[in-house]
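Trainee: Sequence:
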Amino acid sequence: MLGYDLVDVEKSAGGLLRVYIDHPAPGEGGEEKFITVDDCERVTRQLQHVLEVEGVPYERLEVSSPGLDRLLKKAADFARFVGQQVELTLKAPLAGRKRFRGELRAEGDGWRLVLSPDHGGSPEGDRVLDFAIDEVREARLVPTIDFKGRRSAPAPAAQEEGGAPGAAHGGQRT
1 MLGYDLVDVE KSAGGLLRVY IDHPAPGEGG EEKFITVDDC ERVTRQLQHV LEVEGVPYER
61 LEVSSPGLDR LLKKAADFAR FVGQQVELTL KAPLAGRKRF RGELRAEGDG WRLVLSPDHG
121 GSPEGDRVLD FAIDEVREAR LVPTIDFKGR RSAPAPAAQE EGGAPGAAHG GQRT
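Taking full-length UniProt numbering, the leading residue of the sequence shown gets 1, the next gets one more, and so forth.
Hint data in this document are derived by calculation from the structure and do not stem from the laboratory.
Errors might be hidden in some of the hints.
Said to hold, decoys possible - Mimicking EDC-like on lysine to aspartate or glutamate, the simulated pairs with C-alpha atoms at most 20 Å apart in a straight line are:
no.: 1; residue 1: K91; residue 2: E31
no.: 2; residue 1: K11; residue 2: E138
no.: 3; residue 1: K91; residue 2: D130
Claimed, not checked - What follows is a set of in silico ranges between Cβ atoms, one per label pair, in the way DEER data are often shown:
no.: 4; residue 1: F81; residue 2: K148; range: 20 to 28 Å
no.: 5; residue 1: V9; residue 2: G96; range: 17 to 25 Å
no.: 6; residue 1: F147; residue 2: R105; range: 26 to 34 Å
no.: 7; residue 1: V50; residue 2: G108; range: 37 to 45 Å
no.: 8; residue 1: D118; residue 2: E41; range: 35 to 43 Å
no.: 9; residue 1: L94; residue 2: K148; range: 34 to 42 Å
Every residue, glycine too, gets a C-beta built ideally from N, C-alpha and C.
Based on the sequences and whatever the hints tell you, model everything.
Mentor: Next up, the structure:
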């Protein structure tokens, strides 16, 4: 309805309902958009009305971006972030390890992690882990921050007006 993807929902015992949203994946050659405070506010206002009508109990509502270390849960998430650095935790150990870090790649009907040299890989990038999504306990993007600005893209206008990746907006139920 509003044009956002629902990334995740968390409900705590204390009555906090946390909703993570993102813009849909950009099309071929499209520009990646970031969630702003205005986006979070817009979704918060709509959700408050829907939750009231549906009678969903909550004390506080928080709408947020998934953040720099976003969880990957669905096949579409993995496909969207092919080529990115990912930290992966398997459900069962493989060669005595459950945690791996490397570059995510699509491989046939499954997925491949080209292991980072500092996490069990080699500088040539020839150490790989092939896996299926159902073998994964948790997968997260590895935040990459370049403080020198060499690889940084220019900030979108919305970010300059107060929005930022990791933006959040909370609403108190009345």
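Trainee: To test your reading of the hints: which numbers does this structure violate?
Mentor: Failing hints, ascending: 1, 5.
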